[in-house]
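There are 2 protein chains.
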Amino acid sequence: MQGIEEILRRQIEKIVELTDDEFHFILSHFTIKSFKKHQYVVQAGNPTLNDHFVVKGLLRSFYLDEAGKSHILQFAMEDWWISDPQAYHNGGNATLNIDCLEDTQVYMITLENREKLCAELRKMEFFFRKKTQAGYIALQKRIQSLMSQTAKERYDQFLHLYPQLSQRVPKTLIASYLGISRETLSRMAEH
Amino acid sequence: MQGIEEILRRQIEKIVELTDDEFHFILSHFTIKSFKKHQYVVQAGNPTLNDHFVVKGLLRSFYLDEAGKSHILQFAMEDWWISDPQAYHNGGNATLNIDCLEDTQVYMITLENREKLCAELRKMEFFFRKKTQAGYIALQKRIQSLMSQTAKERYDQFLHLYPQLSQRVPKTLIASYLGISRETLSRMAEH
Numbered sequence: 001m002q003g004i005e006e007i008l009r010r011q012i013e014k015i016v017e018l019t020d021d022e023f024h025f026i027l028s029h030f031t032i033k034s035f036k037k038h039q040y041v042v043q044a045g046n047p048t049l050n051d052h053f054v055v056k057g058l059l060r061s062f063y064l065d066e067a068g069k070s071h072i073l074q075f076a077m078e079d080w081w082i083s084d085p086q087a088y089h090n091g092g093n094a095t096l097n098i099d100c101l102e103d104t105q106v107y108m109i110t111l112e113n114r115e116k117l118c119a120e121l122r123k124m125e126f127f128f129r130k131k132t133q134a135g136y137i138a139l140q141k142r143i144q145s146l147m148s149q150t151a152k153e154r155y156d157q158f159l160h161l162y163p164q165l166s167q168r169v170p171k172t173l174i175a176s177y178l179g180i181s182r183e184t185l186s187r188m189a190e191h
Numbered sequence: 001m002q003g004i005e006e007i008l009r010r011q012i013e014k015i016v017e018l019t020d021d022e023f024h025f026i027l028s029h030f031t032i033k034s035f036k037k038h039q040y041v042v043q044a045g046n047p048t049l050n051d052h053f054v055v056k057g058l059l060r061s062f063y064l065d066e067a068g069k070s071h072i073l074q075f076a077m078e079d080w081w082i083s084d085p086q087a088y089h090n091g092g093n094a095t096l097n098i099d100c101l102e103d104t105q106v107y108m109i110t111l112e113n114r115e116k117l118c119a120e121l122r123k124m125e126f127f128f129r130k131k132t133q134a135g136y137i138a139l140q141k142r143i144q145s146l147m148s149q150t151a152k153e154r155y156d157q158f159l160h161l162y163p164q165l166s167q168r169v170p171k172t173l174i175a176s177y178l179g180i181s182r183e184t185l186s187r188m189a190e191h
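Protein chains in written order, with full-length UniProt numbering: chain A, 1 to 191; chain B, 1 to 191.
Looking at chain A on its own, in the form it has when it is part of the complex (with noise of 0.2 Å):
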């Protein structure tokens, strides 16, 4: 077990040091979890319970659009998060759905656990403020991405920001997740 404590402790560690009891204070408020390739970790009308940080493995979250068509929202592989925020933060139901694109194993936290938390330990309250923060900036370069970029300038940014998830996610998926049709991808992967 202590290789995947550590991708937790190294993830919290890049933003606040932590002494050793502090990590084991921590890990107290989080539970371990294993899916197999396939197997939802939410489901679009149920609640979500959980936030999941990845300690293996690869998950996508998408929604199906009012045709019924689906778009993918996000990638998570190891030392990413992923969840429904909407449902997770605010209750009710999710309206994403979270899959598993490999077998996967996510340590989860409760917003019960998260909020116990960071009122208990200052350094995740800090933490968990750098690390939406941190999002909130990411979410604005995809929003100005869909607005101005061509097809091939959004799959090039892909392609340099996240090379390890172009290796492991096929490219249907991307597709789906820039927006573009997979036959526009694949006439650009080949040049």
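In short, the hints are calculated from the structure, not lab data.
One or more hints might be untrue.
No copy labels: a pair is met if it fits in one copy or bridges any two.
[Said to hold, decoys possible] Think about it this way: if two alpha-carbon atoms lie no more than 27 Å apart in a straight line, the pair counts; the simulated DSS-like pairs of lysine-lysine are:
hint, residue 1, residue 2
1, Lys123, Lys14
2, Lys123, Lys56
3, Lys37, Lys56
4, Lys130, Lys141
5, Lys37, Lys171
6, Lys36, Lys130
7, Lys152, Lys69
8, Lys141, Lys69
9, Lys33, Lys116
10, Lys152, Lys116
11, Lys116, Lys14
12, Lys14, Lys69
Keeping the supplied structure of chain A fixed, place chain B upon it in accordance with the hints.
Just chain B now, with coordinates in the frame of chain A:
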């Protein structure tokens, strides 16, 4: 001055309750500044030293793509925050422009003062964590809207979410925010 102080206090007290002393301590970390219609608050290529909380007026943030076309990322009216988050939080020069669509008055806070305030007053760390979380969720909805909604659906959602903005912002600018042409928006607005 009491009126505008109250706008800031109510904004914070939606999330945490404050004593008078706490609020005056918080206020001492902000400076107030007035801008005329058309004046720039942030200019691409220059540092973004402040986050801005609007107490009067209306602003927009926008950027120019490589072809020189302008895209609006955000509007902000009374009780909203606006900045170039990447430049403000991570340093470096702004890539966004922020200018005033009306005569405007803002409370400004530097990153240094914001971090000091968070360290000094736990309630403010909680406040900024929750505000950023809510902002993250709003941006994720905007991404979903850009990925899967038609121009008409986006326009209707804008009218529904921001009835006040749609009265105050010229249609050309709403079209730029929604990523649709002025002509398309005019046709929709007639019906």
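We went through each hint and held it up to the structure:
no. : hint               : verdict
1   : Lys123 with Lys14  : both (12 Å within a copy, 24 Å between copies)
2   : Lys123 with Lys56  : within (25 Å within a copy, 35 Å between copies)
3   : Lys37 with Lys56   : within (12 Å within a copy, 52 Å between copies)
4   : Lys130 with Lys141 : both (17 Å within a copy, 21 Å between copies)
5   : Lys37 with Lys171  : within (17 Å within a copy, 47 Å between copies)
6   : Lys36 with Lys130  : neither (31 Å within a copy, 33 Å between copies)
7   : Lys152 with Lys69  : both (22 Å within a copy, 18 Å between copies)
8   : Lys141 with Lys69  : both (24 Å within a copy, 17 Å between copies)
9   : Lys33 with Lys116  : within (21 Å within a copy, 38 Å between copies)
10  : Lys152 with Lys116 : neither (45 Å within a copy, 43 Å between copies)
11  : Lys116 with Lys14  : both (22 Å within a copy, 20 Å between copies)
12  : Lys14 with Lys69   : neither (38 Å within a copy, 38 Å between copies)
Hint violations for this structure: numbers 6, 10 and 12, all remaining hints satisfied.
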